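Enquirer: The listed protein sequences correspond, in order, to chains R and P. Mapping of the first sequence onto numbering that gives the first Met the number 0: residues 0 to 205, in sequence order. Mapping of the second sequence onto numbering that gives the first Met the number 0: residues 0 to 205, in sequence order.
Every clue listed holds true.
DSBU-like, lysine-lysine: derived pairs with alpha carbons at most 30 Å apart:
#1 P/LYS78 / R/LYS124
#2 P/LYS32 / R/LYS78
#3 R/LYS78 / P/LYS124
#4 R/LYS32 / P/LYS32
#5 P/LYS78 / R/LYS162
#6 P/LYS162 / P/LYS150
#7 R/LYS78 / P/LYS78
#8 P/LYS78 / R/LYS32
#9 R/LYS78 / P/LYS162
If the Cβ cut is set under 7 Å, some of the chain R residues that face chain P in the computed set are:
#10 VAL20
#11 ARG51
#12 GLU54
#13 GLU55
#14 GLU96
#15 ILE97
Now the stretches of chain R that chain P is said to cover, found in silico as 3 or more residues with beta-carbon under 8 Å:
#16 22 to 28
#17 69 to 79
#18 104 to 115
In short, the hints are calculated from the structure, not lab data. Treat the numbers as computed from the prediction; the structure is a model and nothing was measured. Heads up, the beta-carbon is just placed ideally off N, CA and C, and yes, glycines get one too.
2 protein chains.
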Amino acid sequence: MLNSLSQIPTQPDLTSEVFAVSRLQKETLNGHKAITLWLTGLSASGKSTIARLLEEQLHYQGIRTIILDGDNTRLGINKDLDFSPAGRTENIRRVAEIAKLMNDAGIVTIACFISPMIADRQMAKQIIGEHSFFEVFIDAPLSVCMERDPKGLYKKAVAGAVKDFTGITAPYEAPTNADIRIETTVHNSTESANELLTWIQANKLL
Amino acid sequence: MLNSLSQIPTQPDLTSEVFAVSRLQKETLNGHKAITLWLTGLSASGKSTIARLLEEQLHYQGIRTIILDGDNTRLGINKDLDFSPAGRTENIRRVAEIAKLMNDAGIVTIACFISPMIADRQMAKQIIGEHSFFEVFIDAPLSVCMERDPKGLYKKAVAGAVKDFTGITAPYEAPTNADIRIETTVHNSTESANELLTWIQANKLL
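So here's chain R without its partners, still in its complex pose:
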């Protein structure tokens, strides 16, 4: 049933047909471009909160959006995956493919994933396309995230009750060249979302 990606079945009979309506036509209908904002950062760094505030603001400006996050993908399309390194990579691969399809449909994707490995984020960028992918580093020190710990996950991880927990028992490779870095210890959530929105507008990304 499932092959590893190094054993992709040869499918010479599959051809990638062009959509009847192009992405550009869909963007024109919407009146804005379709991009993917890829929010990476530690658990409790503020990704989801900022994403939600940003989505609200974009929506009220008539911009079509979707938030993809661990919650709505791990419980749905990726519910067959675990949190091992291979499971995380496959999680990111599928999410990136969905983000690409959303962009093809004219939708701005706000992807919120810890996505701790540089190589995985690089893969996501390659799948989505480098002109459509923007890496947003939601930056808060581990000590602050551990203090916030809204779901008590760090506490559990330290106690050994959660396996492969980023920052505790699994690595986080911070971006070295993010498109924008938002420091959530300097600004609160609303200010952080505004900072991101201002940057999007200043760079005419939409």
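Put chain P on the given structure of chain R with help from the hints.
Expert: Coordinates of chain P only, in the frame set by chain R:
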């Protein structure tokens, strides 16, 4: 890395958060509802052609759409899957999850998949939601599809060069209760797409 679905890892720490902007708000912004039209039928029955003509017509009416088909999913998100019964079921499961996310984003999904098994289409309906899922049976007799054979696949399948080919070496379970049945031996592609569009409008699905 990959668990079978009967071994879904327990993830008590994942909670399904409500989107910041609801599907209804997105539909309201777009001025139309978001549904999934699920086109099932044999290879060469006309699914993709009808989907493309329908998408064009919907687009020019200002309706946001995406086509999901074997070509753009088998080469992307589902490129790790084969055509065995288990691979086909997983293919349909993932596509249904994507269709659901598209609907959540306010997009009308036109899904074109042979999707030969009743149980798989039932699963898709369950994932997408019964009020959002419409089964469209693109009906042409096997003999006609074999005669059309635009990619020479039936010829290859009969010669034994393609494994698990629906209608030849794998079963097709025709819908017994489709929302609409389009007979593509009676109408040409344009007429068939118009028939589907007229039905969508008459039933105020959008």
